[in-house]
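Which chain is which? The protein sequence lines are A and B, in order. Throughout the first sequence, residue numbering follows my numbering, covering 1 to 878 in sequence. Throughout the second sequence, residue numbering follows my numbering, covering 1 to 123 in sequence.
It should be emphasised that the hints constitute simulated quantities derived from the structure, not laboratory data. Mixed in with the good hints, there may be bad ones.
Stated by the list, open to error - If you want the footprint, here are the derived chain A segments under chain B, 3+ residues with CB under 8 angstroms: (1) 171-180; (2) 729-742.
Claimed, not checked - What follows is a set of in silico ranges between Cβ atoms, one per label pair, in the way DEER data are often shown: (3) Arg-226(A) - Asp-34(B): 44 to 52 angstroms; (4) Pro-834(A) - Ser-122(B): 53 to 61 angstroms; (5) Asp-19(B) - Ala-721(A): 26 to 34 angstroms; (6) Thr-742(A) - Val-1(B): 35 to 43 angstroms; (7) Asp-103(B) - Glu-713(A): 26 to 34 angstroms; (8) Ala-51(B) - Glu-106(A): 36 to 44 angstroms.
Bear in mind the structure is a predicted one, so any value in this text is a computation, not a measurement. Using N, Cα and C, we set each Cβ at its ideal position, and we do this for glycine too.
Spelled out from the first residue to the last, the chains are:
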Amino acid sequence: MRLLRVALTDVRGVDRCEVRFEPDGVTVVEAPNESGKTTLLDAVDVLLEMKDSSNAQRVKDLQPADRDVPSTIEVELSCGATHLTCRKTFNKQRGTVLTIHAPTPEVVKGTEAHDRLRTILEADVDLALYRALRFAQGRDLDAVALGDSAVLAARLDATAGGTGSGDDGGLIERAEREYRRWFTATGRPGKDLAALDGSLADVQADRNRLADDLAALERHVEELTRVERELPHLAQVRDQELAPGLEQARGQADRVNELRGVVATRRAERDHAALELTATRDARARREARASEVAELDDTVAALEAGLAPRRGRLDELVGRRTADGAELTAAAARLADAREALDRSQLLADLVGAELERRGLQRRHERVVEVVEAARDAERALAGIRLDDTRMRAIRAASEDLRVASATLATGAPTVTLRAHRPLRLDVDGSPAELGTDQPEVWTVADRLALSIPEVVDVQVEAGTSSDELVRAVEEAERRLAQACHEADVPDLLTAERVLEQRDRHRDVVERRDAELARELDGRTVDELAADLRDAEDRVAALRERLTEVTELPDAATARAAVDAASEAVRGADDHHAGLRAAFDELSATVEEERTAVVMAETQLAGRREERDRLAARLADERAERPDTDLAAAVTAAEDTETQAAERLAAAERELADLDPDAVELRVTNLAAQLEDLHQRIGELGQLRAVLHERLRQGGEAGLGEALTQAEDRLERVRADHRRAHARAAAAALLWEELTTARDEAYRAYRAPLRERIAAKARLLLGGSVEVELGDDLAIVGRTRDGVALTWEQLSAGAREQLAILAALSAAELAGSDGVPFVLDDALGYTDPDRLERIGALLGRTTDAQVIVLTCVADRFRHVGGARTVRLLEAAR
Amino acid sequence: VVRSIDGDADLDALFADLDALPDRGRTIVKVKVDGTLSLQQAARLEAGLEAREEVFGALEHPERHRDITIVPDAADLEALPVTGYAAVARDRLRERAQAGGDDGDRATDALALLVRLVAEGSR
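Chain A extracted, bound-state conformation (with noise of 0.2 angstroms):
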């Protein structure tokens, strides 16, 4: 469809305008804000789907505010091969003229007009696409859904290569329906397959429950078949066995209690019979033992007076042994003392021995001590003497070398002369004599001048050189030194000061053991405790010696240790000689003081048993007083015979009790009462069930289960194949529901890629760079991808998705071509800067395969729309 021109009178707020649009390509129609932009299109949207008689508000809503005039409405257009005007007017004076221009001329009005224009638009115009390509003002910022349009799919379709979604007619909604009769939205089954497997499931309940009934039926008459037979035969059983074997059984029973009753007293006469013999034979038994009793205690008194009478003679013999043997201990005691007392002084001397000998060592020691400090006091006086030390002995010795090295020097450095004689010959030499001899030459040095004489042959004088004197005169240095390191030691020579030497390494040597010396005779004490141990000692002697004033001399410490010893050895021999006999005392003194306890408890029991016996004797004499043993004895054989009468009637009654068996008879009694209660017990519970059967098998004849269980087991056969059947259906609506959306699917993703493939070439002459976009199921743009960054719809900027709404609008309308309609922007764009809208407008001005119509306030906003023709409202108006 394609808008061709749009004639206004008295719509809205126009009173009068017509505006004509380029078929293909841009119209840009310029006007400020309320001049009637919008109208223009409401109006067309008018003419084209509301009769004139209409009352609607929309139609309501052309009218003038402020005027009550009719409100007329002319549009021309083509659509496929027509080519009509419609003019309609409404509100008042209402009526419709529709002109058909080609391709057969016609004019049609009223409502026959209205109806053909439909009819046509209908036909050729696709209506879902006109409503999508409109952007109005304030459009939601939504994508353009795209599809819904027949002529858009028709046409990708035809450029995906024919497999796309095409018209199918509604059979995808058709398909769905049958799908969605049997299956839920998420897939599970609907409530009528619920229902059928509920109901198959309700059936084969029914019909099993009808089965079992029928099946408990058929119990129940093998159970009265068999009630009805078992009544009878245990009725006889009741009454022709059980109940006259209970009766005698009963009688026998009364027997054996009567028997039982005898039985008990004369058991009670026997027991009384039994106490009156046992009492009278205690009575007599009692005298017996009495009697023996006082005669056992007679014997016993006898026996412990002729056992008293030795026990005392020889407690009196003990008593004067213990007399004599306490004499002797007292004599061996006195011994003993004196033993001890001559132990005493034997010790007493031997320490005063012991004394001495510690008095005289501590005098030695002390003597001795004083000498070695005496001695040591002198010696460090002379080594105070002493000038001579190691250093001076050390330079003395050093000088004494030097001046033995220089003298030697002298002796070989000097000239010598050497006389070898042909024969022996005396001369002087120095005016000394000499011998020479001829064995060998002899050397004299010349130290400064040598005389030489052979008496009365001749006189030689020999003189030394320069060279000599410097020798002589070190001789004389090494002297020098030598006197003088002498006389710093205050020696005269180093002989003396070897002397000296070892002088004072013997002080040295006294000063050096006084010390050790002092250490061995002290032992550990100081000098004054020493003395004070002398003191001490000479304390003891003086003291030892006025308890011992009658000894004179001192004998040596072994004689002294010697008499200790014997002293000892007979102290040792009368202390146990003593000991001996005071352990011999002291056993006999035991002895005695047993024997004396004996018999004092041997006197006390012979009382004891004397007084028993006699007590004994009187009571025994007062009871034979009050009854004889002779009558005692005729009592006991009368109770004897008493008894045994009793007892033989008491064993009659219980033979004759035994001979009727009473636990037989008992048990007889009581087992055929049980018998007989549970045959009655029985016989109660099979008529009941008999009564219950028989009502079971009136109400299951009533209820006909063997007919209802026929008709439950075809009703049941029905509702299986209906259920088989129902889900073989469910399965094929499935099945093609899956198979239709899939290749639905499948061909949507390949016919949706012309119209992407258009928007992202515009895209990419818009934004620039790498541009994809990608395409809901609806053909709506889902998302973009741009130089590989991806954004939903929802992410991208309210310009960027008026801008990519306009592109895939755009380009719908190119894709449809001539069978498109108008694209309409009504004062779009506000989001865009002005660089994008260089470019937009640049696509704009591209189209010539669509019909764009461009409404704006803004004139300059679509100023690049290279192409365009600009229709100014205002102008138009006029």
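Fit chain B to the supplied structure of chain A, relying on the hints for placement.
Structure of chain B alone, referenced to chain A:
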């Protein structure tokens, strides 16, 4: 009415017999059929019975009384006026039906349903 139906001739005969029944508005008819039909024939049987439900006092033709084996033939399927994805779905179902087995039976039923739904769209 109990019939064995194995083709268009039997269908024609069935419908003719039904139409020939007297006093149809007050007549209760129970139809029980068996046999082997193509998809189009099965759809024709279904449509023919449904069309006569309004004519008779009662026309009972429950599925449990219809033991019909449906064997779609080439004509059935080629005659289906479907294009695009619907044709793709038809061809896939046909392949599954030819494979046989339980899945084949389901595919056959689905093809029959497709025939019926397409026919509904064309009415």
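Going down the list of hints, with the structure as the test:
1. Given as covered by chain B, the segment 171-180 of chain A passes the check, having 5 residues with a CB less than 8 angstroms from a CB of that chain where 3 are the minimum.
2. Chain B is given as covering the segment 729-742 of chain A, and this holds because 9 residues of the stretch bring a CB closer than 8 angstroms to a CB of that chain, at least three being needed.
3. Our hint of 44 to 52 angstroms for Arg-226(A) and Asp-34(B) holds, since their Cβ atoms are close to 50 angstroms apart.
4. Under the hint 53 to 61 angstroms, the C-beta atoms of Pro-834(A) and Ser-122(B), about 56 angstroms apart, fit the expected range.
5. The hint said 26 to 34 angstroms for the Cβ distance between Asp-19(B) and Ala-721(A), and at roughly 28 angstroms that hint holds.
6. Between Thr-742(A) and Val-1(B), the C-beta spacing of about 41 angstroms keeps the proposed range 35 to 43 angstroms intact.
7. One distance hint, 26 to 34 angstroms for the beta-carbon pair Asp-103(B) and Glu-713(A), holds here, with the actual separation near 32 angstroms.
8. Take Ala-51(B) and Glu-106(A): their Cβ atoms lie about 40 angstroms apart, and the range 36 to 44 angstroms holds.
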